[in-house]
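Protein sequences, first through last, are from chains A and B. In terms of the numbering used here, the first sequence has 406 at position 401, counting the first letter as 1, and numbering is strictly consecutive. In terms of the numbering used here, the second sequence has 221 at position 204, counting the first letter as 1, and numbering is strictly consecutive.
Keep in mind the hints are simulated off the structure, nothing from the lab. For every residue, glycine included, the Cβ atom is placed at its ideal position computed from N, Cα and C.
Simulated crosslink set (PhoX-like; lysine-lysine; CA at most 25 Å straight-line):
#	chain 1	residue 1	chain 2	residue 2
1	A	K320	A	K379
2	A	K90	B	K74
3	B	K348	B	K89
4	B	K89	A	K90
5	B	K315	B	K298
6	A	K90	B	K82
7	A	K429	A	K379
8	B	K301	B	K315
9	A	K121	A	K90
Where chain B lies over chain A, by a calculated footprint (3+ residues, C-beta under 8 Å):
#	segment
10	127-135
11	334-347
Beyond 10 Å from chain A on every Cβ pair, some chain B residues (computed):
#	residue
12	G249
13	P251
14	E299
15	T318
16	E320
17	S346
18	N359
Chain by chain, the residues run as shown.
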Amino acid sequence: MIWVFHIAAASACLVGVALGAESPVESRGGEETGSSSPRGESVSSILGFSLIPGESGTGVPRGVVLEGVELFRIAQEHLNRLDGKDWRWVFPVFVGSVGDGLDDRIPSIIGQYQVKSCQIEFIPQFPFQPGLSYRAMFRVDAFSARLRRHGVRFQAEKIRSDPIVFPFDIAPVSSDSRVGLTHVYPSRDELPENLLKFYIHFSRSMAFGVSHRYVRLTRDDGTEIVDPFLRLDEELWDPTGTRMTLLIDPGRVKRGLRPRNQVGPTFRAGDEVRLVIAAGWQDSRGIPLEKGFEKRFRVAPPDVERPLMSLWMLKVPQAGTRDPLRISFPESMDHALLERVLWIDGPDGQALEGERAIGSGETRWEFRPLAPWKPGIHEVCAENSLEDLAGNSLGRLFEVDSFLTVSRRVERRVLKRAFQPRLK
Amino acid sequence: MKTRYWSRNMAVTLLAIGSSLIVKGAALLQSPGPLTFAPGGILIAADPKAAALVSIKTGDGAASKNGQLAIKGINGKIAGLLGTSADAIRIVDLATNPDSRCAYLSVARGRGAEAGAVIVRVDGEGDLSVVNLDPVQVTRVTLPNPPADRVTGTGRRARNQRLESITDISFVDGNVIVAGLSNEEFASTLRSIPFPFEDTAKGASIEIYHGAHGRFETRSPVRTFVPYSIEGEPHILAAYTCTPLVKVPVSQLKAGAHVKGTTIAELGNRNRPLDMLVYSKEGKDWFLMANSSRGVMKISTDELADAAAITSRVGGGGTEGQAFETIESWKNVFQLAPFDSNQALIIRGDDGGALDLVSVQFP
Chain A
6 MIWVFHIAAA SACLVGVALG AESPVESRGG EETGSSSPRG ESVSSILGFS
56 LIPGESGTGV PRGVVLEGVE LFRIAQEHLN RLDGKDWRWV FPVFVGSVGD
106 GLDDRIPSII GQYQVKSCQI EFIPQFPFQP GLSYRAMFRV DAFSARLRRH
156 GVRFQAEKIR SDPIVFPFDI APVSSDSRVG LTHVYPSRDE LPENLLKFYI
206 HFSRSMAFGV SHRYVRLTRD DGTEIVDPFL RLDEELWDPT GTRMTLLIDP
256 GRVKRGLRPR NQVGPTFRAG DEVRLVIAAG WQDSRGIPLE KGFEKRFRVA
306 PPDVERPLMS LWMLKVPQAG TRDPLRISFP ESMDHALLER VLWIDGPDGQ
356 ALEGERAIGS GETRWEFRPL APWKPGIHEV CAENSLEDLA GNSLGRLFEV
406 DSFLTVSRRV ERRVLKRAFQ PRLK
Chain B
18 MKTRYWSRNM AVTLLAIGSS LIVKGAALLQ SPGPLTFAPG GILIAADPKA
68 AALVSIKTGD GAASKNGQLA IKGINGKIAG LLGTSADAIR IVDLATNPDS
118 RCAYLSVARG RGAEAGAVIV RVDGEGDLSV VNLDPVQVTR VTLPNPPADR
168 VTGTGRRARN QRLESITDIS FVDGNVIVAG LSNEEFASTL RSIPFPFEDT
218 AKGASIEIYH GAHGRFETRS PVRTFVPYSI EGEPHILAAY TCTPLVKVPV
268 SQLKAGAHVK GTTIAELGNR NRPLDMLVYS KEGKDWFLMA NSSRGVMKIS
318 TDELADAAAI TSRVGGGGTE GQAFETIESW KNVFQLAPFD SNQALIIRGD
368 DGGALDLVSV QFP
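Work the whole structure out from these sequences, hints included.
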């Protein structure tokens, strides 16, 4: 069977091109839908799809190339008349391995099309995703129609209207590096009734927006605590996606509100509670946690006292050494804030560089300077935003009794306490 | 060259051609955040990770003659457009251009911190496209007092883990008001940024408090809010994270102010406000508030001006403050936006399942 294509540009005369079994270009994976023609005589035998390799190491192709268009004898200038919209219709790439993209109304992937010496290159705007199947397609009849629309006559006799489909899979990410849950703070096993938050740390970036499916609180009698957490449109993650802040619904912490009055506080002193994190939670690659996690704790009476810097115990190091300065707090403090809003100023008023460590159920903070301690007056500095486990900060209580005199404005202030490294 | 990928049914030879094409646009938004519209078809998008706002000229034309919109499986369609699966798409917010009635969706493409931020436009015919964040069309402003706090740790472990989530933004009286919530200290700020944006935002930061029953007051992050004029005075009606609905006069939102909202309704347990809008029907104004799992609440605006603060305990199960009813038929609605004078545009669906973007008559 001989297929005859006629091409005519506005200024050009009719050119007839015969294509047949002697076609020099082999298909690189073009796959016809429906019945196939023998001996490579169909359009699919002169057109080939291939994948553009991605950056080394990723294993994810960067795009798809459609080749063999030159055998239609269409000059590049004519191909260039087709714009991105045309190519998206003629040469669409879809997520998934089945369907012709016409019935299911799932749009084709957005990206850039470029004509390069009779190859059409498609680069998706966002990279192909590991573990997913895709399919590229060439619609011969649509190609013909779009060319005509741009004044290029292209007729293909006996061309079937079936699109040529090229399915491809992107290898899934190796799951040998499973994500782990590394820490949960507060780390103590006794927590106040008015506890305000947990921090959950992971070994790599997690999937956002799904924590409510995997995190729950149960009492030791097996009953689940209903709706304990504040559910936000956007969960509270750190910029790396490895630490999630889980807020207890403040409507059930704060006194006098309906949620608390109707169903009581989330925790009641004396309860034995388990924080349960299910293993199904996936990381940002779609690989689930290596195992689930449980933290048991006992609920203590509410903490309604404001933390005071004056009650901190300091174990002062010796000058000339790099021994740590150790601060002991009378109660557990917020882990994240201990990391961020507590530091040491040297005698020159500049913050010292060094290593910090938090321990003993967040009741201890240690600082080991990079350079040995100098003699002279140093200061422990803390922003007044430093909170205990119940949201009471150095600046104010979580719930302020406004019958008492309170500052009408809370400014961000730094509280300081002086110490001098011991002399030999 | 051999790289690792799978191809079914066939052996595929890889071809290395051309140099990489740089895809511009998406990088202008580091993270997906809430959306709102300023007059003149200008879309404003919050970028929580960058602590920034961007304004985008949409260039939308007149409204489509199509008086309704119904797109089944909007998350699947967006996933198709962005070349991924529906479970790797998160719709963060929905806004409609009041002039064109085009819907704009703030979308995370990916699952975690490295997800791309994309704004998807749905026109009156239901066609989806990705908004081109061409720098020429986009103005960007960094929020005042961003959480650029000290870095913790040393060496390679050094980083700043603090991030402020932006829970809602709205255009109010020539300013963009931004409600933020910290992922560390239990505090939030409301910022008021003059619009149009200048290079450096000279916005006001306001601390918002909630006074419960005349006695205890807390710092109370605002979760969602709408502008609303009460007897000619611009207000915001805000839902706190601890559920009360409060009113705050916009005139009080001044730099450094300590503002205590007046509680006008207690929404009760399990009503977790996600989104709000105001509409008029039969000569009366109403608020609609979407909740995470229950139906949508329709709240009266009657006598808002005189609404006295709720100052005593609300008894078990009893209602107090503004009258409201729950529209049970609007279940699983998690995004709300006005569509036209008679309809809202909503996104609804089961958690983890297919989501529909549909216009529905106001209740």
